[in-house]
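Asks: So you can see what is in the structure, the chains are spelled out below.
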Amino acid sequence: MINSLRQKHPFRISLIFILLLSGQATVAQRSFKQRITPRHVGIQYAGSIGYMSAGFGYDLSKKTELSFHYGYVPEVKGGELHIAAVKFEYKPFRIKLGKELVFHPINPVVFASYTFANGFSLGFDSDQYPKGYYFWSPALREHLGFSSELEIMGDKSSGIKSISLYTEANTNDLYMVSWYENRTTTPFYKIFKLGFGLKMNF
Amino acid sequence: MTNYKFAFLFALSVFCGCQLDEYSPNQKFNGQSPSDVNARELSTFPQKPAGSPIRVAVSGDTQRTYKEAQLFVDHINARDDIDFVFLNGDISDFGLLGEFVGVEKIYSQLKVPFVSIIGNHDQLANGYEVYKRMFGAVNFTFNYAGIKFVCFDSNSREHNFNGQIPDMNWLASNLKLEPGIKNLIAVSHVSSIDSDFDSRLTLPYENLLNGTPGVLASIHSHQHSAHLIYSKNGMGIPYIITSGIVNRSYTLIDINNDQLTATEASF
Numbered sequence: 001m002i003n004s005l006r007q008k009h010p011f012r013i014s015l016i017f018i019l020l021l022s023g024q025a026t027v028a029q030r031s032f033k034q035r036i037t038p039r040h041v042g043i044q045y046a047g048s049i050g051y052m053s054a055g056f057g058y059d060l061s062k063k064t065e066l067s068f069h070y071g072y073v074p075e076v077k078g079g080e081l082h083i084a085a086v087k088f089e090y091k092p093f094r095i096k097l098g099k100e101l102v103f104h105p106i107n108p109v110v111f112a113s114y115t116f117a118n119g120f121s122l123g124f125d126s127d128q129y130p131k132g133y134y135f136w137s138p139a140l141r142e143h144l145g146f147s148s149e150l151e152i153m154g155d156k157s158s159g160i161k162s163i164s165l166y167t168e169a170n171t172n173d174l175y176m177v178s179w180y181e182n183r184t185t186t187p188f189y190k191i192f193k194l195g196f197g198l199k200m201n202f
Numbered sequence: 001m002t003n004y005k006f007a008f009l010f011a012l013s014v015f016c017g018c019q020l021d022e023y024s025p026n027q028k029f030n031g032q033s034p035s036d037v038n039a040r041e042l043s044t045f046p047q048k049p050a051g052s053p054i055r056v057a058v059s060g061d062t063q064r065t066y067k068e069a070q071l072f073v074d075h076i077n078a079r080d081d082i083d084f085v086f087l088n089g090d091i092s093d094f095g096l097l098g099e100f101v102g103v104e105k106i107y108s109q110l111k112v113p114f115v116s117i118i119g120n121h122d123q124l125a126n127g128y129e130v131y132k133r134m135f136g137a138v139n140f141t142f143n144y145a146g147i148k149f150v151c152f153d154s155n156s157r158e159h160n161f162n163g164q165i166p167d168m169n170w171l172a173s174n175l176k177l178e179p180g181i182k183n184l185i186a187v188s189h190v191s192s193i194d195s196d197f198d199s200r201l202t203l204p205y206e207n208l209l210n211g212t213p214g215v216l217a218s219i220h221s222h223q224h225s226a227h228l229i230y231s232k233n234g235m236g237i238p239y240i241i242t243s244g245i246v247n248r249s250y251t252l253i254d255i256n257n258d259q260l261t262a263t264e265a266s267f
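Sequences listed follow chains A and L, in order. Just so you know, we're using the working numbering here: the first sequence kicks off at 1 and counts up by one. Just so you know, we're using the working numbering here: the second sequence kicks off at 1 and counts up by one.
Calculated from the structure, these hints are not laboratory results. Quick caveat: nothing in here was measured; it's all calculated off a predicted structure. Think of the CB as a built atom: it goes at the ideal place given N, C-alpha and C, for glycine as much as any other residue. One or more hints might be untrue.
Claimed, not checked - Partial pick of chain A residues on the chain L-facing surface, computed with a CB cut under 10 Å: (1) Gln34; (2) Tyr90; (3) Tyr134; (4) Phe188; (5) Ile191.
What the hints assert, rightly or not - Dumping the calculated BS3-like pairs for lysine-lysine here, alpha-carbon to alpha-carbon at most 30 Å: (6) L:Lys48 / A:Lys190; (7) A:Lys190 / L:Lys132; (8) L:Lys176 / A:Lys190; (9) L:Lys232 / A:Lys190; (10) L:Lys132 / A:Lys77; (11) A:Lys77 / L:Lys182; (12) A:Lys131 / L:Lys132.
Unchecked claim - Negatives, chain L to chain A, calculated, CB over 12 Å: (13) Ser24; (14) Leu124; (15) Ala125; (16) Phe149; (17) Leu203; (18) Gln223; (19) Asp254; (20) Asn256.
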């Protein structure tokens, strides 16, 4: 599966490896335990990766984060779906609003999500379909978006550096393909979907 | 902490009232997606005495072409000679809820009723479930002006040619004249002369049509090529394969005095 992933998405895979390696470099002096301890844990509502999802993440640099999420959509909310996602976020701005608050107004984010459910697979079965019959993957989506985050600084003695509230708007590869063909009649913002989350930062 | 409260209220206000909060592109429904659209549309059919001449506009394959779908709807609304419209499959391209919602929103602007049939693309990802909840059963019939329309899932490839699609038993028991019904018309997305149709069922299907009294035609879409009328060996029941919304084309089906004529039209 990794081989087929590599063949199909060579750029994506190498990007993830570079990100992981750069993360390793910045934490090289720390102990193994420190290295694997997440710097962020959080929960998210909606945002195309579940009715609710939970995740943990690491700082790759002062302004970049890599996080891993598991989301669930129950049957009563349009599922049942299980979703795994890997997110990369860049936070170019840090605006201090007094002692307690830090605002990150606009943070570009890219993520990949994979849906685990009946009828979902990475590609289409080559026994069932001629080559190239459908060109996309039903289970794997690539998302593009941006978030806005408000960080509430904690008391240093508590062990929690800060708590973040964020809103994230995202779209995905298939929505973009559809938008492009209807770009004269569909406004771009219409293909963005929202999610809301809460994170603890250590 | 005032700023924090403002931010929270702002976030709440953004997502309340509009379906911007998406759980997954693959969710089967959301708080605003419609359900049982075919039943809703069929309930608006006017009563027309059996034998009255009727005109139906048939096209399919709206997949991703919202602009053309809107032009089609505007075009049909500008005519006043259409009884109803068939949306003959491939409503969506990727089987995503957002696509079905988008097309349904456009078609619901039609002044005349529309009846939707499942296509192969509508069965991808969670599309099959989305279709069933939003439109209703994949195999169904309805009567209008003394004609029984028999609509069914003929997307055999999506079921890996399992011999069950189309459901020949269902067809045999539904493709039948009944009191007050003089004619029958079969409607599905993939035609029996297509490589996406289960080849083991091609002959049984043809035999069923040719052996059933009152059948006028078998109407299909799927091919995206020019409107085609095919009849095996130049005789027997005609297969009418429409072009698609994607090609800004549709087929007018006129039925008068037990005779059916099909004409290609564009918009």
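Asks: Take the hints in turn and mark each one as holding or not.
Replies: Each hint tested on the structure:
Taking 10 Å as the C-beta contact cut-off toward chain L, the hint placing Gln34 (chain A) at the interface is violated, the least distance being around 30 Å. Nearest Cβ of chain L to the Cβ of Tyr90 (chain A): about 21 Å, over the 10 Å cut. The hint is violated. Hint status for Tyr134 (chain A): holds, given a least beta-carbon distance of 7 Å to chain L, under 10 Å. The criterion of a C-beta within 10 Å of any C-beta in chain L is not met by Phe188 (chain A), whose closest approach is roughly 14 Å, and the hint is violated.
For Ile191 (chain A), the interface hint holds, since its Cβ comes within 10 Å of a Cβ in chain L; the closest pair sits about 8 Å apart. Note on Lys48 (chain L) and Lys190 (chain A): the hinted pairing is violated, with a Cα-Cα distance of about 41 Å set against a maximum of 30 Å. Pair hint Lys190 (chain A) plus Lys132 (chain L) holds up; C-alpha atoms about 25 Å apart against a cutoff of 30 Å. Our distance criterion of 30 Å between C-alpha atoms is broken by Lys176 (chain L) and Lys190 (chain A), whose separation comes to about 46 Å.
Restraint check: the Cα-Cα separation between Lys232 (chain L) and Lys190 (chain A) comes to about 47 Å, which exceeds 30 Å; the hinted pair is violated. Proposed proximity of Lys132 (chain L) and Lys77 (chain A) is supported: the alpha carbons are some 16 Å apart, at most 30 Å. Between Lys77 (chain A) and Lys182 (chain L), the direct Cα distance comes to roughly 45 Å. Violation of the 30 Å bound is thereby established for this hinted pair. At most 30 Å may separate the alpha-carbon atoms for a hinted pair to count; Lys131 (chain A) and Lys132 (chain L) meet this at roughly 28 Å.
Non-interface call for Ser24 (chain L) relative to chain A: violated, since the shortest CB-CB distance, roughly 5 Å, does not exceed 12 Å. Against chain A, the non-interface label of Leu124 (chain L) is violated: not every CB pair exceeds 12 Å, the least being about 6 Å. Its beta-carbon lying about 5 Å from the closest one in chain A, Ala125 (chain L) breaks the requirement of being farther than 12 Å from that chain. Remark: the non-interface label on Phe149 (chain L) is consistent with the geometry, its nearest Cβ contact in chain A lying 29 Å away (cut-off 12 Å).
In this structure Leu203 (chain L) is separated from chain A by more than 12 Å, as the shortest Cβ-Cβ distance comes to about 22 Å. Remark: the non-interface label on Gln223 (chain L) is consistent with the geometry, its nearest Cβ contact in chain A lying 14 Å away (cut-off 12 Å). No beta-carbon of chain A is positioned within 12 Å of the beta-carbon of Asp254 (chain L); the least distance is around 32 Å. Remark: the non-interface label on Asn256 (chain L) is consistent with the geometry, its nearest Cβ contact in chain A lying 37 Å away (cut-off 12 Å).
Of the numbered hints listed earlier, those contradicted by the structure are 1, 2, 4, 6, 8, 9, 11, 13, 14 and 15.
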